[in-house]
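Participant: These protein sequences, in sequence, are chains A and B.
All residue numbers for the first sequence refer to the numbering used here, where the first residue is 469 and numbers rise by one.
All residue numbers for the second sequence refer to the numbering used here, where the first residue is 66 and numbers rise by one.
There may be inaccurate statements among the hints.
What the hints assert, rightly or not - Cross-link-like lysine-lysine pairs, in silico, BS3-like; alpha carbons within 25 Å at most: (1) A/K485 to A/K537; (2) A/K525 to A/K539; (3) A/K525 to B/K134; (4) B/K68 to A/K525.
Read the hints as simulated data drawn from the structure, not as lab findings.
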Amino acid sequence: EAQVTQNPRYLITVTGKKLTVTCSQNMNHEYMSWYRQDPGLGLRQIYYSMNVEVTDKGDVPEGYKVSRKEKRNFPLILESPSPNQTSLYFCASRDRDGANVLTFGAGSRLTVL
Amino acid sequence: DAKTTQPNSMESNEEEPVHLPCNHSTISGTDYIHWYRQLPSQGPEYVIHGLTSNVNNRMASLAIAEDRKSSTLILHRATLRDAAVYYCILRDVWGGADGLTFGKGTHLIIQP
Chain A
469 EAQVTQNPRY LITVTGKKLT VTCSQNMNHE YMSWYRQDPG LGLRQIYYSM
519 NVEVTDKGDV PEGYKVSRKE KRNFPLILES PSPNQTSLYF CASRDRDGAN
569 VLTFGAGSRL TVL
Chain B
66 DAKTTQPNSM ESNEEEPVHL PCNHSTISGT DYIHWYRQLP SQGPEYVIHG
116 LTSNVNNRMA SLAIAEDRKS STLILHRATL RDAAVYYCIL RDVWGGADGL
166 TFGKGTHLII QP
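One chain only, chain A, in its complex shape (with noise of 0.2 Å):
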């Protein structure tokens, strides 16, 4: 089944606790991208990835990094998450084609105390 797998769904972290939320595709697409919902704000693009190491900024990239070391994986790391990370993050991918119809994971629900 053609899919993008986040881990994990769901993690309590403690501020300053580096953390890395993994995102997997199978469907050998060339963008990944990571979002975050938080309530009021809709979602919000963090890190996007045209290509294997290919990344850059989205709108809100502030203590976040990724990378893309291999076109199916698209990390995400939080070097020293604070409590206004807190929230729900999906990963996402499409093939190159101009219609941009993204695929999403089921989402990481993360809590920074």
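Knowing the structure of chain A, use the given hints to seat chain B on it.
Facilitator: Just chain B, lined up with the frame of chain A:
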């Protein structure tokens, strides 16, 4: 990307058609109209997209006004599983790097 305007919420009855409107008066000639939906506790899910002509797929139909300044997502026979937030989004066909910009969408409530 050009802006879209949708009602905050709509209510409909099960097994009846639902028409979800979207206004996009500043749409450009190369903007695709996309619809996604987000069911409770799930990630957004692609529904349908179109450029100029009306489109149909297994999930829904998309009716695009002749001047393209508005569109309507049509669910022909709503079920309780269609209760979700529906997002209308414009995306330039030549746009490259960035993703889709999601607004607040329309919260669709289905009454049994």
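Participant: Check the hint pairing A/K485 with A/K537 against an upper bound of 25 Å on the C-alpha distance.
Facilitator: Between A/K485 and A/K537 the Cα gap is close to 23 Å, so the pair holds against 25 Å.
Participant: If you draw a straight line from the CA of B/K68 to the CA of A/K525, is it 25 Å or shorter?
Facilitator: Holds, because 21 Å separates the two Cα atoms, which is no more than 25 Å.
Participant: Is the Cα-Cα distance between A/K525 and A/K539 25 Å or less?
Facilitator: holds, 18 Å
Participant: Checking one constraint from the list: CA of A/K525 to CA of B/K134, max 25 Å. Satisfied?
Facilitator: It is violated: about 31 Å lies between the C-alpha atoms, which goes past 25 Å.
In this structure, the one hint that does not hold is number 3.
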